[in-house]
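**Q** Add chain B to chain A, keeping to what the hints say.
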Amino acid sequence: MAQQDKDGQPLFGTRRRFLQTLGAGIFSTGINATFPLASWALTSPKYLHEGIGDYHPQTYFDLAFRYTPLDIDGRTGTATAINGTVPGPLIRWRQGDTVTMDVTNHLQDTKHASIHWHGILVPFRMDGVPGVNFNGIQPAETYRYQFRVVQAGTYWYHSHSRFQEQTGSYGPLVIDPKDGEPFHYDRDHVIVLSDWAFTDPETLFRNINLAPEYYIYYKRTVFNYLHDIRKKGFAEANAELLPFRRMNMSPRDLSNVTGYIYTYLMNGHSPDMNWSGRFLPGETVRLRVINASSMSNFDVRIPGLDMDVVMADGKAVKPVRCHEFRIGVAETYDVLIRPREARAYTLFAESLDRSGYARGTLAPEPGMQAPVPPLRPTPDRKLEDIGMGMMKGKYFGGMSDAMKEKLWRKRMQLQDDAIPGPNGPMPFLPDKDNPNVAMVVMNPQDRLAEPGVGLGHDGWKVLTYKDLVSAEPQPYKATVDREMCINITANMERFIFSLDGKKFTEQPGPYLFKHNERLRLFLVNHTMMEHPMHLHGMWMQLETGAGNKEIPFKHTILIKPGEALSVLITPIEKGDWAFHCHLLYHMEAGMFQVVRVA
Amino acid sequence: MKPVIILCAALTANAALAEDNMSHHGHGDHAAQMDSYPAGEGATSNLEHAPDSPDHVMDHEVLLTKVTFDQLEVRENDGGALKGDLWFGSDRNKLWLKTEVEREEGETEKAELHALYSRAVSPYWDLQMGIRHDFETESDSRNWGTIGFNGLAPYFFEVDSALFFSGDGDTALRLEAEYELLFTQQWILSPEIEADFFGQNDREAGTGSGLSDVELGLRLRYEFTPQFAPYIGVHYEKKFGNAADFAREEGEHTSVTSWVIGLHAWF
Chain A
1 MAQQDKDGQP LFGTRRRFLQ TLGAGIFSTG INATFPLASW ALTSPKYLHE
51 GIGDYHPQTY FDLAFRYTPL DIDGRTGTAT AINGTVPGPL IRWRQGDTVT
101 MDVTNHLQDT KHASIHWHGI LVPFRMDGVP GVNFNGIQPA ETYRYQFRVV
151 QAGTYWYHSH SRFQEQTGSY GPLVIDPKDG EPFHYDRDHV IVLSDWAFTD
201 PETLFRNINL APEYYIYYKR TVFNYLHDIR KKGFAEANAE LLPFRRMNMS
251 PRDLSNVTGY IYTYLMNGHS PDMNWSGRFL PGETVRLRVI NASSMSNFDV
301 RIPGLDMDVV MADGKAVKPV RCHEFRIGVA ETYDVLIRPR EARAYTLFAE
351 SLDRSGYARG TLAPEPGMQA PVPPLRPTPD RKLEDIGMGM MKGKYFGGMS
401 DAMKEKLWRK RMQLQDDAIP GPNGPMPFLP DKDNPNVAMV VMNPQDRLAE
451 PGVGLGHDGW KVLTYKDLVS AEPQPYKATV DREMCINITA NMERFIFSLD
501 GKKFTEQPGP YLFKHNERLR LFLVNHTMME HPMHLHGMWM QLETGAGNKE
551 IPFKHTILIK PGEALSVLIT PIEKGDWAFH CHLLYHMEAG MFQVVRVA
Chain B
1 MKPVIILCAA LTANAALAED NMSHHGHGDH AAQMDSYPAG EGATSNLEHA
51 PDSPDHVMDH EVLLTKVTFD QLEVRENDGG ALKGDLWFGS DRNKLWLKTE
101 VEREEGETEK AELHALYSRA VSPYWDLQMG IRHDFETESD SRNWGTIGFN
151 GLAPYFFEVD SALFFSGDGD TALRLEAEYE LLFTQQWILS PEIEADFFGQ
201 NDREAGTGSG LSDVELGLRL RYEFTPQFAP YIGVHYEKKF GNAADFAREE
251 GEHTSVTSWV IGLHAWF
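Chains as they are written, first to last, in the numbering used here: chain A, 1 to 598; chain B, 1 to 267.
No wet-lab data here; the hints were simulated from the structure.
Where a beta carbon is used, it is the ideal one built from N, C-alpha and C, also for glycine.
Don't take each hint at face value.
Claimed, not checked - Here are the simulated DMTMM-like cross-link-like pairs (lysine to aspartate or glutamate), alpha carbons at most 25 Å apart as the crow flies:
id: 1; chain 1: A; residue 1: K549; chain 2: A; residue 2: D433
id: 2; chain 1: A; residue 1: K382; chain 2: B; residue 2: E176
id: 3; chain 1: A; residue 1: K231; chain 2: B; residue 2: E180
id: 4; chain 1: A; residue 1: K219; chain 2: B; residue 2: E192
id: 5; chain 1: A; residue 1: K111; chain 2: A; residue 2: D54
id: 6; chain 1: B; residue 1: K66; chain 2: A; residue 2: D380
id: 7; chain 1: A; residue 1: K432; chain 2: B; residue 2: D160
id: 8; chain 1: A; residue 1: K382; chain 2: A; residue 2: E450
id: 9; chain 1: A; residue 1: K574; chain 2: A; residue 2: D481
id: 10; chain 1: B; residue 1: K66; chain 2: A; residue 2: E506
id: 11; chain 1: B; residue 1: K238; chain 2: B; residue 2: E252
id: 12; chain 1: A; residue 1: K466; chain 2: A; residue 2: E384
id: 13; chain 1: A; residue 1: K219; chain 2: B; residue 2: E178
id: 14; chain 1: A; residue 1: K231; chain 2: A; residue 2: D380
id: 15; chain 1: B; residue 1: K66; chain 2: A; residue 2: D200
id: 16; chain 1: A; residue 1: K219; chain 2: B; residue 2: E180
id: 17; chain 1: A; residue 1: K46; chain 2: A; residue 2: D380
id: 18; chain 1: A; residue 1: K549; chain 2: A; residue 2: E517
id: 19; chain 1: A; residue 1: K219; chain 2: A; residue 2: E517
id: 20; chain 1: A; residue 1: K382; chain 2: A; residue 2: E493
id: 21; chain 1: A; residue 1: K232; chain 2: B; residue 2: E180
id: 22; chain 1: A; residue 1: K219; chain 2: A; residue 2: D481
id: 23; chain 1: A; residue 1: K46; chain 2: A; residue 2: D62
id: 24; chain 1: B; residue 1: K110; chain 2: B; residue 2: E176
id: 25; chain 1: A; residue 1: K432; chain 2: B; residue 2: E158
id: 26; chain 1: A; residue 1: K219; chain 2: B; residue 2: E223
id: 27; chain 1: A; residue 1: K461; chain 2: A; residue 2: E341
id: 28; chain 1: A; residue 1: K111; chain 2: B; residue 2: E61
id: 29; chain 1: B; residue 1: K110; chain 2: B; residue 2: E223
id: 30; chain 1: B; residue 1: K66; chain 2: A; residue 2: E202
id: 31; chain 1: A; residue 1: K219; chain 2: B; residue 2: E158
id: 32; chain 1: A; residue 1: K432; chain 2: B; residue 2: E192
id: 33; chain 1: B; residue 1: K66; chain 2: A; residue 2: D253
id: 34; chain 1: A; residue 1: K219; chain 2: A; residue 2: E384
id: 35; chain 1: A; residue 1: K502; chain 2: B; residue 2: E61
id: 36; chain 1: A; residue 1: K461; chain 2: A; residue 2: E384
To be verified - Stretches of chain A that chain B covers, calculated by requiring three or more beta carbons in the stretch to come under 8 Å of a beta carbon on chain B:
id: 37; stretch: 208-220
id: 38; stretch: 430-439
id: 39; stretch: 551-563
Pulled out of the complex, with its shape left as it was, chain B reads as follows:
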């Protein structure tokens, strides 16, 4: 299952990027297809007056790379988190790397890396698919296939959702939403919610079937520039159902509240 997904993602990405590249070759293609164009009645398709070597100034896709540290923060009780991504591509097709690392009481709780192909499928939504790798210190690392939607819901809610499935038949669902409230042009309060659901119990990973855990965040940042914004905030995490039971058995808290201080930045 796993390799198939990777292959699919890679192929789609290739095909899509190739498609973008094709459209660079300006005038030749334009002229060839001209007759089928609605406004094309009565047009001559060979024009002596085309430029010698077609080289449209704007006739190329803008390819960009963006690195974002959405949250790079220190938490109370010897904790910390990094949530970030890197993408490369055009308006329509992109390759994404996402990472999410969390530490609590000096131990790494979560370390994920997602490699995704992302395609714009509507004005505000990207369809993203690929693989997720979980780095584990105490147990075996594991891989998931993933498919999800990332984008902007009405009323400016930034949403990232993904369905995960592993080779063993395990499934998981993650929903994240974030909002921004501007107090001034530079003081911005950003509430955030993340919920994880699982299709099964996993004692080693500490996750339980159904709603497993919820994270709430409230961060107040100051944008020195849009690219550099330190923040303070509060982070709350609670485990539910079986996940909560597992935590109790291990003698851990089922909920944690911690102050955070960090940096939001992109390049």
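Chain A on its own, in the form it takes in the complex:
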């Protein structure tokens, strides 16, 4: 890394460069256990990170999985680190180059390791999902990934083997465009958000399987109920709450794993370690924000600064000025900030359920800090939020089949105008006895203009999907050849997560896409939670109501409870690809399916 030097700058001129050299030296001698942070992420109270401008694109990377001790806030855990650090090394490519990555698995007791290049268009053999498009990398084996890079932007990579992602197998991936960046900036920082637990993920998974509320310490209590009665009156409080209880659902199903067990990290730093990056007043700074968490959606803001969102999932969008954005697991956003004052700013990423936060600082000089805002209260979902508005005030008696049918018929006539296509998503009427499906939303809504649960009441602008307008050329045709619908289903009580009511083990076969067809895929969320749905190997273009040339490209879409949305897909590569919820434990519990492009 020491060779990656900007022209005209001294090779060993700074402490950072010294550290980089030291890091590189340690890696090459193989004693990487002593170095828990990658140079692109490293800061200290006395040293601000200058940004990633000096990390130039390369065409070859040698990557290795090893068990590595990881120190966070005085405790030591074991990470499945890539090249000895959490997050792993910054991988930087140039668009148009053919790149080669040799990945070695030194985790001797694992079945396999793997690296998936998240959001990258590759031949399916290079996609890195064990069992779907290759066999995984067995211990002591090396797998060579090699492909031509056809896109540019901010992405990330991670292991797709069991729970390695939870234990630190992820890192940032930046691709420089061959024709120059679409916007000007003076400096860029990579901001990798993630969640770390000292508990073994197998234990964690077992715990939430056996007791889905194991880590939830914001359950509603008797006193919340009394408080609601005082505030809203007896009738109103019950009208909102009792239908939830009748359905055996909680208005606080916000997350399965919380800040009770997680330490939220920013570039591998806990809030106390306070990752710090430099800006100089007057500069335009590009933040490449990546949510590399296993289970945590974040709300990101920088108190005192406007943010211009310029890229979503690596693809340029028309700049949207906002003060906060929600970043689902596996999404990336590039934002530009223009701090004018020589003061510190807090980079604040609050978990969706408000059980904790990741935090860092942007400052012109080392040692500066800005106040850390308090966590907002844990929000309660409303019946309306989960597409169950018609249940309000209904305490007794279920919905009869006749009622359901009536509702469907009504919905057919009064379909939400914002949902595209002549027919909207196909009705989902699963077997009533299917234990995998605890809830079917009878009238899913268009929610692209909603910021999401717990957001939008603070008096500042929060980004919504509706705001995303593509600034990239549209390479795909406008006419839709075919429509398809996938229902996102779950039963929280049993910790079963499924697609179309079937866990992966129960699916009769892959979803079938035709090569180069233009497919409209509806996604309908019949669960109580947000799910970041990720499709490998091809773009999903989110139908926001904008024209065909303006619909944004996404590799991961955070779908809200009770939401119906549609994406346009052109499957450009034949092969088997994964489609799944990017919440790691949901995926492992069955919210996963193979898509076959033929």
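**A** Below, chain B without anything else, positioned relative to chain A:
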């Protein structure tokens, strides 16, 4: 009758577990059935690009084992109780062992072991069937066939219900319901009710036809972790009808109230 029930339960369990196992064999089956899949028009069924040895990461059922001590407690007047279960299986099919032991004034009043096959039949309900064995100290031990529903009723009532029938034609019905009130995240009050009904009088066992006895419990636990929660509480038991008469004849009380202290835990 008895062996038949055991056999039935065992067979169903086997078949169901086998069914689960079958679905592990990933791609081959998936591809074979592909044509019948709704989205399957125009698909080719032989793909050269499937992995060499299909080994889906997630393509296996999660099999878990859970041991629960719902109540492990000491009661006033030299009494005590153990109520617990162990299950093993997948989301849909499980094998259960349940046990219920009660002691009063130094004597074992009740000692039951249930062996059940359990199948998820709806989002919140499991159908459970199998056998129940009653260990008796003073009379012959007896066996029952059992079938019942265990699950979550609306409004978060945990319900366990079972119908029992013995080889002699005796019948019994047990209904249990439990609720949880959270005062804080860790202080939890849990009221509970259990009612036993019988189809006949049984002087030896002290049970009478119709509603025979009711137990009420109120336990306040502190969850150090969800897996470890000591509690204090009160337990009330009352016999009705013929059962009450039998108790009076024996010179026993028809109702007992006792303070309890115990542990709720699972592994």
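**Q** Run every hint past the structure and note whether it holds.
**A** Outcome of the hint check:
no. : hint               : in the structure
1   : A:K549 with A:D433 : violated (44 Å)
2   : A:K382 with B:E176 : violated (32 Å)
3   : A:K231 with B:E180 : holds (24 Å)
4   : A:K219 with B:E192 : holds (21 Å)
5   : A:K111 with A:D54  : violated (37 Å)
6   : B:K66 with A:D380  : violated (31 Å)
7   : A:K432 with B:D160 : holds (21 Å)
8   : A:K382 with A:E450 : holds (14 Å)
9   : A:K574 with A:D481 : holds (17 Å)
10  : B:K66 with A:E506  : holds (23 Å)
11  : B:K238 with B:E252 : holds (11 Å)
12  : A:K466 with A:E384 : holds (19 Å)
13  : A:K219 with B:E178 : holds (18 Å)
14  : A:K231 with A:D380 : holds (14 Å)
15  : B:K66 with A:D200  : holds (18 Å)
16  : A:K219 with B:E180 : holds (12 Å)
17  : A:K46 with A:D380  : violated (41 Å)
18  : A:K549 with A:E517 : holds (17 Å)
19  : A:K219 with A:E517 : violated (46 Å)
20  : A:K382 with A:E493 : holds (19 Å)
21  : A:K232 with B:E180 : holds (24 Å)
22  : A:K219 with A:D481 : violated (46 Å)
23  : A:K46 with A:D62   : violated (31 Å)
24  : B:K110 with B:E176 : holds (16 Å)
25  : A:K432 with B:E158 : holds (21 Å)
26  : A:K219 with B:E223 : holds (13 Å)
27  : A:K461 with A:E341 : holds (22 Å)
28  : A:K111 with B:E61  : holds (17 Å)
29  : B:K110 with B:E223 : violated (28 Å)
30  : B:K66 with A:E202  : holds (15 Å)
31  : A:K219 with B:E158 : holds (18 Å)
32  : A:K432 with B:E192 : violated (29 Å)
33  : B:K66 with A:D253  : holds (23 Å)
34  : A:K219 with A:E384 : holds (20 Å)
35  : A:K502 with B:E61  : holds (12 Å)
36  : A:K461 with A:E384 : holds (22 Å)
37  : 208-220            : holds (count 9)
38  : 430-439            : holds (count 7)
39  : 551-563            : violated (count 0)
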